[in-house]
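Same order as they appear, the protein sequences are chains F and S.
Going by our numbering, the first sequence opens with residue 1, and the numbers climb by one from there.
Going by our numbering, the second sequence opens with residue 1, and the numbers climb by one from there.
Keep in mind that the hints were calculated from the coordinates and are not lab data.
Every value quoted in this text rests on a predicted model; they were computed, and no experiment measured them.
Hints may be right or wrong, so weigh each one.
The following label-pair restraints were derived from C-beta to C-beta distances [unchecked claim]: (1) S:T91 to F:L202: 43 to 49 Å; (2) F:T246 to S:S216: 57 to 63 Å; (3) S:N31 to F:P237: 42 to 48 Å; (4) F:L28 to S:E3: 37 to 43 Å.
Calculated lysine-lysine pairs in the BS3-like style (CA-CA distance at most 30 Å, straight line) [said to hold, decoys possible]: (5) S:K163 to F:K45; (6) F:K45 to S:K71; (7) S:K94 to S:K187; (8) F:K45 to S:K33; (9) S:K163 to F:K51; (10) F:K251 to S:K187; (11) S:K78 to F:K45; (12) S:K66 to S:K163; (13) S:K78 to S:K33; (14) F:K33 to F:K45.
For the chain F half of the interface with chain S, some residues (derived, Cβ under 7 Å), not all of them [said to hold, decoys possible]: (15) A23; (16) R26; (17) S156.
C-beta: ideal position from N, C-alpha, C; glycine also.
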Amino acid sequence: MSATTRKAYSTVSEVRFGQVGMANLRLLHIDAKALEDELLERVSKAPQLLKCAALILDLGHLDKEIDTPTAKTLLDAIRHAGMLPVALAYGTPATEILAHSLDLPVLAGFREAYRYSAEVLNSLAKNDGVSPGAAVASPSEHTYTATRHHAQPVRSGQQLYARDTDLVVTAHVANGAEVIADGSIHVYGALRGRALAGAQGLASARIYSSEFRAELVSIAGCYRVFERLPSELEGQPVQCWLQGETLHVTKLER
Amino acid sequence: MTEIIVVTSGKGGVGKTTTSASLATGLAQRNHKVAVIDFDIGLRNLDLIMGCERRVVYDFINVIHKEATLKQALIRDKRLDSLYILAASQTRDKEALTQDGVEQVLDELRQDEFDYVICDSPAGIERGAHLAMYFADRAVVVVNPEVSSVRDSDRILGLLSSKTRHGERGDGGVPAHVVVTRYHPEKVAEGDMLSLEDIEEILGLSILGVIPEHDSVLTSSNQGIPVIHNPDSHAGLAYEDLVARLFGEDRPMRFLDVPRKSLLKRVFGG
Ligand SMILES: Nc1ncnc2c1ncn2[C@@H]1O[C@H](COP(=O)(O)OP(=O)(O)OP(=O)(O)O)[C@@H](O)[C@H]1O
Ligand SMILES: [Mg+2]
């Protein structure tokens with residue numbers, strides 16, 4: 001095919017940032033053989049869950065840094081056990097250099113895209129002739145974490161946390177259950193447990209419930225406990241928001 | 001296909017073992033091959049209620065520890081040929097129960113073509129209760145009409161959706177039926193107990209069956225005859241209804257209203 005052939009499509013790929021479940025392997029001792037045996041056993045016990053599962057290797061709990069050949073034997077051990085290492089977990093600058101030498105990305109603890117430290121970026125740039133800007137496009141400005149939806153009842157003793165985003169629950173939240181979000185919380189159903197919005201301090205976060213019976217509501221750390229619900233709020237559609245230090249809890253008027 | 005059903009509650013003394021015994025019996029009465037397993041290691045109750053305590057030679061733990069075969073340990077019910085009991089150990093502690101061991105026993109019951117395996121869970125949310133529910137395909141959550149019991153059952157429903165094999169596979173967890181036992185129409189009418197509507201609203205699930213509080217349950221337990229065998233007992237009839245509903249039969253709820261006292265009782269008390 002010549003380079004001038006007209007293509008039937010405008011692009012051949014799309015790049016998206018999303019969340020996927022990944023196993024996180026926290027390494028406690030450097031012992032490739034023992035690691036392989038241990039993982040083989042785990043994989044054989046839960047093959048559906050672990051066989052061929054993508055895995056992030058976390059070296060942050062070792063008491064020393066490891067070199068590239070050692071890391072390679074560890075990665076081989078994991079592969080022999082049937083799991084697929086795809087990245088290193090965020091750690092020290094040494095982890096970043098190691099990851100680079102292994103051709104693996106470094107992933108931060110949760111979904112936020114990881115940013116290399118300037119120091120490492122500069123040294124990598126020197127070695128490879130890539131500019132820091134090209135090495136990692138700054139993802140922070142345009143990332144958007146999709147709202148977390150939950151359609152099952154949140155039961156007593158359960159905790160639901162929507163990190164970096166809003167939480168929408170389309171079922172009830174039981175007494176003794178806890179729903180938490182870094183953004184706002186919407187409960188389309190009875191809210192009988194606890195709701196904590198703006199968990200990382202976002203004061204503009206709000207809590208909405210179509211049937212308010214909460215034990216506690218909190219926004220950005222300002223909370224109100226309800227031992228007995230005010231009768232004008234009980235069972236009503238309610239909105240909670242923060243004004244300065246004051247947490248307002250009012251009926252939603254239609 | 002073998003279906004594994006756990007009978008669980010969280011709170012103790014609500015009627016799990018009573019329900020397990022009558023459920024297993026009711027299934028066997030419909031000619032299904034049924035095994036009922038006591039997971040309450042250290043206590044042993046099920047064999048008493050099933051009336052086979054004298055015939056327990058080997059138990060669940062002996063099988064798990066390969067001190068006996070499953071065949072040796074399964075006790076055939078005296079009344080129903082297709083019903084078998086696997087007793088708990090009275091002498092071992094709970095640590096003797098292992099996940100692999102439980103799985104092996106359940107697998108063997110599958111190979112032996114049992115239709116149903118009923119797992120009578122101990123109270124609480126510790127090891128025994130966890131293992132009783134872990135491999136379940138279905139759950140019967142037993143609840144009494146009181147706040148603490150309903151709260152515990154809610155907790156259990158949460159665990160059924162997450163801390164079970166179905167839950168871990170992410171296929172929605174173990175489907176659960178709610179059964180209200182020790183239901184006292186008078187106390188509900190007086191507001192001392194939660195109503196069925198209250199329970200359904202708190203749990204967000206509909207109720208499969210309601211077993212009234214009745215002395216015949218204790219009498220049956222003492223005689224070692226599951227109450228479902230007693231056609232004169234309202235509790236027994238309610239259990240029979242419950243089993244029928246599991247098979248999709250439409251049986252209206254009964255024994256829910258305050259029984260009217262007879263004239264004699266009103267005059268002479270009672
Ligand atoms: N419907 C009923 N009417 C009257 N008594 C009942 C009824 N159901 C259960 N009981 C009584 O309640 C007590 C506890 O029942 P059971 O042993 O079945 O509960 P359990 O949930 O298995 O208890 P545990 O948590 O100790 O295992 C027993 O004495 C039993 O006879
Ligand atoms: Mg019991």
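Tested hints:
A beta carbon spacing of about 57 Å between T91 (chain S) and L202 (chain F) contradicts the range 43 to 49 Å that was offered as a hint. Distance hint check: the CB atoms of T246 (chain F) and S216 (chain S) are about 59 Å apart, consistent with the given range 57 to 63 Å. Restraint check, N31 (chain S) to P237 (chain F): a C-beta distance of roughly 52 Å breaks the suggested window 42 to 48 Å. In this structure, L28 (chain F) and E3 (chain S) meet the distance hint of 37 to 43 Å, their C-beta atoms being roughly 41 Å apart.
Annotation: proposed proximity of K163 (chain S) to K45 (chain F) holds, straight-line Cα distance about 15 Å (limit 30 Å). The hinted pair formed by K45 (chain F) and K71 (chain S) meets the criterion: a straight-line CA distance of about 26 Å does not exceed 30 Å. For the given pair, K94 (chain S) sits about 37 Å from K187 (chain S) by alpha-carbon distance, which is inconsistent with the 30 Å threshold. Of the pairs offered as hints, the one joining K45 (chain F) and K33 (chain S) holds, with about 29 Å between alpha carbons and a cut-off of 30 Å not exceeded.
The suggested pairing of K163 (chain S) with K51 (chain F) holds, with an alpha-carbon distance near 20 Å, which does not exceed 30 Å. Taken as a hint, the K251 (chain F) and K187 (chain S) pair is broken in the structure, with Cα atoms around 35 Å apart against an allowance of 30 Å. Distance restraint check for K78 (chain S) and K45 (chain F): the Cα-Cα separation of roughly 38 Å exceeds the 30 Å cut-off, and the hinted pair is therefore not satisfied. For the hint linking K66 (chain S) to K163 (chain S), the alpha-carbon distance of about 27 Å falls within 30 Å, and the restraint holds.
Distance check on the hinted pair: K78 (chain S) and K33 (chain S) sit about 14 Å apart at the alpha-carbon level, within 30 Å; holds. As the CA atoms of K33 (chain F) and K45 (chain F) are separated by approximately 19 Å, the hinted pair is consistent with the 30 Å bound. Because the beta carbon of A23 (chain F) sits about 13 Å from the nearest beta carbon in chain S, more than 7 Å, this interface hint is broken. Hint status for R26 (chain F): violated, given a least beta-carbon distance of 19 Å to chain S, over 7 Å.
The closest approach between the C-beta of S156 (chain F) and any C-beta of chain S is roughly 4 Å, which is under the 7 Å cut-off, so the hint is satisfied.
Of the hints listed earlier, those the structure fails to meet are numbers 1, 3, 7, 10, 11, 15 and 16, in rising order.
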